[in-house]
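**Student:** Chains as they are written, first to last, in this note's numbering: chain A, 1478 to 1635; chain B, 1478 to 1635.
None of these hints come from the bench; they were simulated from the model. Please read all numbers here as calculations on a predicted model, not as lab measurements. Keep in mind that the hints are not guaranteed to be accurate.
It does not matter which identical chain is used: a pair holds within one copy or between any two.
With a Cα cut of at most 25 Å, we get these calculated DSS-like pairs of lysine-lysine [to be verified]:
hint, residue 1, residue 2
1, K1565, K1607
2, K1510, K1499
3, K1622, K1559
4, K1612, K1565
Protein chains: 2
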Amino acid sequence: MPSKRYILICKRHKFDAMPTVKNMVVDWLGDVKFVGRNEKGLKINFEIALEGVESTELSPMETLLASLGACSSYYIITILKKQRQDIKGLSVELTGLRRDEPPRIYTEIHMKYIVKGSGLNRNFVENAVKISNEKYCSVGGMLSKAAKIVYSYEIVEA
Amino acid sequence: MPSKRYILICKRHKFDAMPTVKNMVVDWLGDVKFVGRNEKGLKINFEIALEGVESTELSPMETLLASLGACSSYYIITILKKQRQDIKGLSVELTGLRRDEPPRIYTEIHMKYIVKGSGLNRNFVENAVKISNEKYCSVGGMLSKAAKIVYSYEIVEA
Chain A
1478 MPSKRYILIC KRHKFDAMPT VKNMVVDWLG DVKFVGRNEK GLKINFEIAL
1528 EGVESTELSP METLLASLGA CSSYYIITIL KKQRQDIKGL SVELTGLRRD
1578 EPPRIYTEIH MKYIVKGSGL NRNFVENAVK ISNEKYCSVG GMLSKAAKIV
1628 YSYEIVEA
Chain B
1478 MPSKRYILIC KRHKFDAMPT VKNMVVDWLG DVKFVGRNEK GLKINFEIAL
1528 EGVESTELSP METLLASLGA CSSYYIITIL KKQRQDIKGL SVELTGLRRD
1578 EPPRIYTEIH MKYIVKGSGL NRNFVENAVK ISNEKYCSVG GMLSKAAKIV
1628 YSYEIVEA
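So that you can see chain A by itself, here it is in the shape it has in the complex (with noise of 0.2 Å):
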């Protein structure tokens, strides 16, 4: 039989091999009107797109789009400092392409990344677009399973 400590410790094993787990609710505000919530209180509003209706809220679908050009640019701007580069802004235009037919998911995101700085070094850049959008941005490893993901960037002397 194990020890005591043995079990101890392969429980804290399993416990820290576990995945990161987050909570959010979601409450209905009437009509086409969505608040979603972390266990913190921070807050996000959402209102659904109705053909002639004026939204004061972004969609859930405009704010998918959003949370791929901040999960990316993050692992870029990251990327680039190690490296020493000296960026200095982080923009990214993203065109999202809807299918006809429920469910209307995107089938093609394009992404333009315009990244400012002094001398930064082209291979770098290009190298932390691609590795931020294939290996370390959970949104794009999530939305790439459905949509063909494109990305580009530009270079502006800042």
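Since the structure of chain A is provided, determine the placement of chain B on it from the hints.
**Tutor:** Structure of chain B alone, referenced to chain A:
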């Protein structure tokens, strides 16, 4: 040669068959903060969650879960309303399990809908939850390609 009218009809048909295009821009605000905006200027703020740092905005991956909750809830409500069900409230608790290796995607997402209403028909609710998740919700249509999505519901008389 086709008449002018014929060409116009063809062009229109081609346009109607085009997928909807969504555009977003995401800007780096410095540090680990980002803002996404659509063409009408509606915004969402993001903050990348770092260990030991108290976030002031939701992370892209938290937002992904919330988008799924809002999108799927919308269709549940719409379906139940069409069936003249007296739905008075809807909340959904979402739990995402992320794997440890990059990209740190959700491998499983659990959703529990709490449907409030007066005399709601259990079969109609079950059917609405199922159809929303399996047919209509675009966010779910994308995320279900990467994660196993498990859902349940509870009816609360109100």
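**Student:** If a hint holds in the structure, say so; if it does not, say that too.
**Tutor:** Verification of the hints:
| no. | hint | result |
| --- | --- | --- |
| 1 | K1565 <-> K1607 | within (19 Å within a copy, 47 Å between copies) |
| 2 | K1510 <-> K1499 | both (23 Å within a copy, 19 Å between copies) |
| 3 | K1622 <-> K1559 | neither (29 Å within a copy, 33 Å between copies) |
| 4 | K1612 <-> K1565 | within (23 Å within a copy, 44 Å between copies) |
The structure does not agree with numbered hint 3 stated previously, though it agrees with all others.
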